[in-house]
Amino acid sequence: MRALVVYESMYGNTHAVAIDIAAGLSATHEVTLVPVTRATPELVAAAGLLVVGAPTHLHGMSSAASRRSAAQTAGKPGSGLTMDPDADGPGMRGWLARIGAGQGFAAAFDTRLSGIPALTGRASRGISALLKRRGYRLLAAPESFLVSKQNTLLDGETARARSWGALLGEEARSEVAGAEL
Amino acid sequence: MTANLAGPATASQGREAWRWPVPPDPGDLSRRLAARRAELRLSLNQVAERAAVNRRYLEFLENFPGQPDAGTLRRLAAALRTTPSALLGGGGDAPPGRHPGPVGQLERLSLAECCRLLAPGGLGRLAFTTVSGLMILPVNYLLVAGTIVLRTGTGSLIAAHGDDSVSFETDHLDETLLSGWSVLVRGQAHRVLQPSELRNLRETCDLNPWPAGEHDLYVRILPTRITGRRIRTP
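Protein chains in written order, with my numbering: chain S, 1 to 181; chain H, 182 to 415.
Among the clues, some could well be false.
Stated by the list, open to error - Covered stretches of chain H, as calculated for chain S (at least 3 residues, CB under 8 Å): (1) 289 to 297; (2) 323 to 334; (3) 369 to 378; (4) 397 to 404.
Hints in this document: simulated from the structure, not taken from any laboratory.
Because the structure is a prediction, the values reported are computed rather than measured.
Note that beta-carbon positions come from the ideal geometry of N, C-alpha and C, so glycine has one too.
With the rest of the complex left out, here is chain H:
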């Protein structure tokens, strides 16, 4: 008996080496906690200290489906500059930006700044005119040699308007800090059909749209105007 109890006791002394095993599904709260902490580039210790929770408990919460009490959740949300409901994944069915705020200051972004913000690629919105009016659709994009590149299915609505004059918008807005930016690209789209241009894009751009399915067609927007705004709330 005594020997059996001694086993775990010695193991807990070698604390540094111990890591939580990562379960297959850590749950939504865990993912959101970890993702938000990574986004803010904070260490476990920093967040634990700010939220006044045990570092080990925080590490547990980031790896396992846990149920922290309301007070702990509130303190964690404050430490991560977000809200308890956001950590629990609430609000997913409502548009962003519903919090009323003081009037922020808008400033114009230069072309160079806009290009820097566009460069990582990601999610944007493509606007074009159809017979039934204006259409705006979310798209994954990459910036390649100063042009916006999208991938779409050959039979898609975007493909049908792949040679039109289009607008493209992307932004990043922080609801908590009421700050962010948006960049608007206006230009001429074309379906990439010429072999050498297509080969060049296939080689240089690693673009994988979120939706599953066929994305055989590359559409490229040659910008003729790029403008951007930043909003800051003091």
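Next up, chain S with everything else stripped away, as it sits in the complex:
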């Protein structure tokens, strides 16, 4: 089965998480990894499992304004941040608004600051809700991967992303096969 991992990334963390998730998925799936700017309807249609992730900006998915502000932050001298090569584009919200109805499996993830989810918000919840509305069958609850205030992934999150990918892959495969008891 084919899996498509679509990510939006500003400083590269969501991109890094997406790479690890794709690595985990590769045990069970033929995986394509694309930034949201290059996730064409053809790629989406060909995938039996769609895994979608974006950074949490102001408690949810990014907007044009929040992306602009993120780019300005990175542009300041001494910020230590570099923009992901695919950072410019329509953003996850716009992409989700345009994808058509689907009936395959899907799951959503995000990156967010470590802390209580009620305070930081989670982009993955919004992504999940939109995917569900499009008719996708969600395999798992939205998952967050944690980033420090210095905008680096916390220790252990890389390994967790990989195992989450493997977990999704196994679940999708057994759902399709209708695994015996």
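Given the coordinates of chain S, work out where chain H should sit on it, guided by the hints.
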């Protein structure tokens, strides 16, 4: 004399306000009655009515070491959908599930359902391979960010296998209703040694294993497969 007798009589008229004082040790039967009633979310009145005992007597039994006769105990057990011996704490030295029953229906649980069942945390069993064969041990656990977290002593057998490929199982089975579920998690364990991951776990998870002693080491299982079954007996 008359004045003295009038005292308690007036007190008993203000019945609503009166509560049994709670003794330091209400005894096993009391605890089991109260715990089972709480588990079934029944009120004192409901249980008293079902068991045909006085509500006040039931309240007394839940707070004081009492000795109800066999008939009362049987009716209480029936009202609480359990057995008299279970209420008296019998069977503690035998494995659960010895009652033969009709064949239940097994169904597969989805990943989302499994995660929902794992989420409250509690008691599970950890399985791993040792040089002398497979080992299965009961452990207290919490589900943190989709991973199973355990605490153990730094010199324990679990610590020695804290970076192995492991399986983890937890279940809840109701012997009376012959129904229940089990969830199996397979994955890679690691000892949490990196400072930021350790700090994050210490802050977010309030995990206190049953045994006393030192539990300085956190072990985290990153699941790569989670499966579950539910059994129902009509």
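Those earlier numbered hints the structure runs against, lowest number first: none
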